[in-house]
Amino acid sequence: MTAPLLAFDALHYRYPGADTPALCGASLEVRAGEKIALMGRNGSGKSTLLLHGNGLLRPQQGVVRWRGAAIGYHREALRTLRSQVGLIFQNPDEQLFAATVLQDLAFGPLNSGASEQEARKRAEWAAARCQIEHLLSQPPHALSGGQKLCAALAGVLAMRPLVLLADEVTSGLDPWMRRNVLSILDDHAAEGGSVVLSTHELDVARCWASKIALMEEGRVVHVAPPQEFFTSSTWRARIGADLWELSDATPTQTASSKT
Amino acid sequence: MHRLDAYAHAGRLRHVHPLSKLAFALAIILLCLILDRPQVSAAALLWMAGLSILWGGATPGFVLRLLTAEGLFLTLSVVAVAVQIGPIGQEGGWSTTITIASPAQAGALLLRSFACAAAMNFLALTTPILELVAAVQRLGAPTALVDATLVMYRYIFLLLETLMRMQRAQESRNGYAGLTATLRSAASLGGQLFALSWRSGRRMEMALQARGYEGGALSMLTPTYTAPWSWPVIASLVFATLLGLARL
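Chains as they are written, first to last, in the working numbering: chain A, 4 to 262; chain B, 2 to 249.
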């Protein structure tokens, strides 16, 4: 087994003023080529864990490791980490800020020290990968919801990160757009990168992920291939897959629908 | 606002340097003010509206609506020039005076104001405001001010969308069914928008940091502009027309 690129080691975190901790000993390892679906109920700590991966939150206990070494939280260390670990936010409106899509896509590379020419090249490459080349001169507010998501994704891809952390980016998308986004994430993993996608979508977890990591009350309680989660009655229940047996749709129809 | 912005991004003059368009519009305004001839103002108005439509790509209806909205304010302002109201001697009371020359003066002033407004409309319809702001930065405007304008402009659209969504949600539950409900809904809408913009601002800051922002000026590409050959030709033609009319 290869060494993990990114590792969360027994992280504890409580937001200021909160009664309960958001993370309570959360551990997870992310290796090259892996596609991990991070599942769990609302409030189980998925987004908080992802924010730690990019160094936006600093654990109160525990360590985040990049290629085996504990990450530092000074400017230089964070700059290196953020060039390697990209974070895509759930709401693209909170990520897109620039006057045009091209400017927004070039923002990350410029911050990482790329020259203007290189940043422009990377922005155009990322736009091509996300099929939004025709939108480069548009302002973000003129885009549709799906286009905004693609622009946000391209903005992170332009930084050429190895690990992509995606916070519920497929929720609320139509099946075609969702397939498009998942195929971009697939390409990233196929090129040796890794993806951690937090999601509530059972079909995404089952059909797209190579592993599912289940979070409960601030901990990662189980990491296993999707088959294990969907065949074991215990784990099916804990990811909420058994709830579908109560509905009119048969479980096979629901779970095997292609994304 | 959405339409104005859409025209500015889609028009054929989008790739002309913003400072060039700004200088053109300001020159038209200056000519109208200095030459002070109704025929010059009328020609400038026609040129600016025509260029906004034919070259900028705006629909005639939209240009007309913009001018009508501006015209309401302008007309109200020039009424004071046409009609003088003042006290009558020591006996008390007020008089309304219209001289032979005052309606003509008011008309000329109105025409000149319309021409200036049309020049500004031309600039707004052909130049995305943020490109103009960025260009002004290169003339020495403070970076912090320019960055704040950039983020605020983006936020105006986000808040407008949120405002419309929230207002629709309130309406669907009879939030504006009577005066009391309207006041209550409007007040809570204002409060919620304030809280929401604060939370959104915090999340946007995190998103910027996630892409390597470390404070200070926002890293941006230097835009490139390519003016079509026809731009200086048309601009010269406009100036020539106005100067020629001034000699008549």
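Just so you know, the hints here were simulated from the structure itself, not pulled from any lab data. Check the hints yourself; a few may be wrong.
[Stated by the list, open to error] DMTMM-like mimics (lysine to aspartate or glutamate), calculated; alpha carbons at most 25 Å apart, straight line:
hint: 1; chain 1: A; residue 1: Lys124; chain 2: A; residue 2: Asp190
hint: 2; chain 1: A; residue 1: Lys124; chain 2: B; residue 2: Asp37
hint: 3; chain 1: A; residue 1: Lys124; chain 2: B; residue 2: Glu162
hint: 4; chain 1: A; residue 1: Lys124; chain 2: A; residue 2: Asp189
hint: 5; chain 1: A; residue 1: Lys124; chain 2: A; residue 2: Glu136
hint: 6; chain 1: A; residue 1: Lys124; chain 2: A; residue 2: Glu194
The model shown is predicted, which means the values in this text are computed figures rather than measured ones.
**Q.** Violating hint indices (sorted, rising)
**A.** 2, 3
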